[in-house]
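**Student:** What follows is each chain in one-letter form.
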Amino acid sequence: MAALIQTIYSGLVLGAIYALMAVGLTLIFGALRVLNLAHGALMMMGAYVSWLTAEWIGLPAFLGLPVSFITMMLVGFAIYKLLIGPMIGKPNWETNTFIATSGLALALESFALLVFGPRNQAQPFAIAGNFQFLGVTISYQNLVIMAVAAVALILMERFLTQTRSGLAIRATAQLPDAAQLMGIRQDHVFLLVLGLSSGLAALSGVLLSSIFFIAPTFGFHPMLKSFIICIFGGLGNIRGTLYAAFIIGITEALVSLYLGVRFALPVMFGLIIVVLIFRPTGLFGQREVVRL
Amino acid sequence: MSEPLLRLENVQSGYDDHLVLQGISFDVPEGSVVSVLGPNGHGKSTLLRTISGLLRLRGGSIRFAGEPIDKWRVDQIVAAGLVHIPQGDLVFPQMTVRENLYLGAYLPKAHVRRDEQLERVYHLFPRLKERSGQLASTLSGGERRMLAIGRGLMSRARLLMLDEPSLGLAPLITEEIYENIRKLKEEGYALLLVEENPERVADTADHIHLIDHGSVVWQGSAKELHANDHILTTYLGV
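Sequences listed follow chains F and H, in order.
Take the first sequence: its position 68, counting from 1, is numbered 68 in the numbering used here, and each next residue is one higher.
Take the second sequence: its position 33, counting from 1, is numbered 33 in the numbering used here, and each next residue is one higher.
Read the hints as simulated data drawn from the structure, not as lab findings.
Just so we're clear, the structure is a prediction, and the values are computed from it rather than from any experiment.
Just so you know, nobody snuck in bad clues.
Calculated pairs, BS3-like style, for lysine-lysine (alpha carbon to alpha carbon, straight line, at most 30 Å): (1) F:K81 to H:K71; (2) H:K109 to F:K81; (3) H:K185 to H:K71; (4) H:K183 to H:K223; (5) H:K109 to H:K183; (6) H:K109 to H:K185; (7) F:K90 to H:K71; (8) H:K183 to H:K129; (9) H:K223 to H:K185.
Which residues of chain F face chain H? A partial, calculated answer using Cβ under 10 Å: (10) L167; (11) A171; (12) Q174; (13) L175; (14) Q180.
Restraint ranges, calculated between C-beta atoms of paired labels, are given here: (15) F:L155 to H:T138: 23 to 31 Å; (16) H:N40 to F:V261: 54 to 62 Å; (17) F:L113 to H:Y15: 41 to 49 Å; (18) F:L276 to H:H18: 34 to 42 Å; (19) F:K81 to H:P68: 27 to 35 Å; (20) H:P126 to F:F133: 50 to 58 Å; (21) H:G168 to F:R164: 26 to 34 Å; (22) H:D229 to F:S165: 53 to 61 Å; (23) F:S102 to H:G220: 55 to 63 Å; (24) H:T233 to F:S102: 56 to 64 Å.
Each residue gets a CB set at the ideal place from its N, CA and C atoms; glycine is no exception.
Construct the complete structure from the given sequences, taking the supplied hints into account.
**Tutor:** If you want it as structure tokens, here you go:
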């Protein structure tokens with residue numbers, strides 16, 4: 001019984017990190033209709049930026065998180081300006097951005113391998129120690145992870161529903177042409193979305209590496225899981241993505257406990273196939289709205 | 001005499017390598033209602049999309065309030081007061097009625113007078129006020145149409161372009177929508193009204209242009225259109 005509670009609790013921690021990552025991914029898909037295959041690499045870069053902040057620059061470790069968020073947000077802006085922006089709207093842009101972002105992922109991973117080497121690094125943004133609660137071992141770092149994820153997701157929700165820019169992002173995701181007719185500049189929305197999404201990827205990278213480690217390719221598997229989560233929750237649907245993140249996080253923890261870690265991904269893919277057969281738009285997905 | 005509010009000269013436009021509009025010219029004077037009629041698929045929506053900047057002009061010129069706008073971005077055209085209310089129920093489905101209306105006043109100039117404008121729209125469409133907290137996807141067809149028009153009014157429009165406001169609505173609802181359109185005319189808005197059915201615009205339009213295969217084939221007043229039965233039979237089959 002204690003093992004089960006412990007597992008569900010680890011699933012919640014994983015779910016919180018996946019939620020950050022998958023929301024970033026679904027935001028880009030929702031607004032730009034671009035599947036960003038560099039999301040995992042951005043997550044990895046975010047983890048290294050936090051590591052650099054403490055290990056190379058020598059700033060206090062807790063600054064790693066905000067520094068990483070801001071740096072990667074700027075990187076996201078640059079990716080829109082230099083890579084994705086020039087392709088959008090041109091013939092075959094869906095395929096082109098798909099290829100360009102996977103190319104970017106390879107380039108970033110090779111860059112990290114070159115600069116930081118293949119050795120695993122420990123994330124400095126971490127608090128040691130734990131305590132017992134109802135027979136479950138709870139580490140301080142896990143509490144930090146859940147707090148950061150909760151604050152980030154609540155702020156994100158606030159931003160999307162309460163601010164003028166947030167409204168513009170949602171409008172663009174729901175009906176791109178009608179949004180333009182409101183006077184919303186699509187290029188500004190896309191730029192902002194790339195920045196926010198990369199920032200969220202950075203947060204999830206720092207948090208995930210704080211319970212595992214940092215390595216040049218460590219973003220790949222979490223990105224695969226994020227894709228599963230996004231499809232599960234209905235691509236472009238933020239609320240659905242949140243629920244799906246926790247469902248997948250807990251499923252992963254349970255499968256790892258009872259069947260072994262190596263079955264986690266196969267079971268998840270099996271699950272997603274079943275969901276897609278019966279609910280092609282995802283568990284919480286809506287029918288595709290008619291575009292102008 | 002000063003220039004009309006909107007002037008189209010030999011407007012050509014289309015999609016990819018297919019030219020839809022073959023050179024369309026007409027004016028919309030300040031405060032008047034001009035209607036564009038034509039069967040489906042003959043370039044009416046393409047015309048509005050070109051004027052509002054969603055589609056690039058291939059030839060000719062578009063002038064609004066004395067300035068050439070054909071190189072402007074969509075947001076600049078909206079900011080100038082030329083507002084396109086698109087066809088169908090293009091209200092943001094997963095937003096409330098109020099959020100939809102707020103988005104109509106997205107641009108800074110309209111934003112400062114948002115609440116004042118909101119009251120005007122609620123006065124014109126009391127049903128929207130009752131439904132203000134409801135998601136747009138839960139509205140009826142007629143309510144959605146009202147919301148789309150109200151959202152257009154939230155910007156500081158001088159000319160409203162309406163794309164088939166009666167499309168798919170029951171006759172009674174259509175009549176209600178048209179009553180509101182006539183109210184807008186009385187308030188001094190210039191209107192460019194696209195319709196398929198000439199009966200709809202007969203009491204409202206000052207001037208009618210008939211479009212067929214991307215060209216204007218006839219123009220005149222509603223009365224003149226009725227006097228020329230053969231035109232209706234030839235082009236619209238009514």
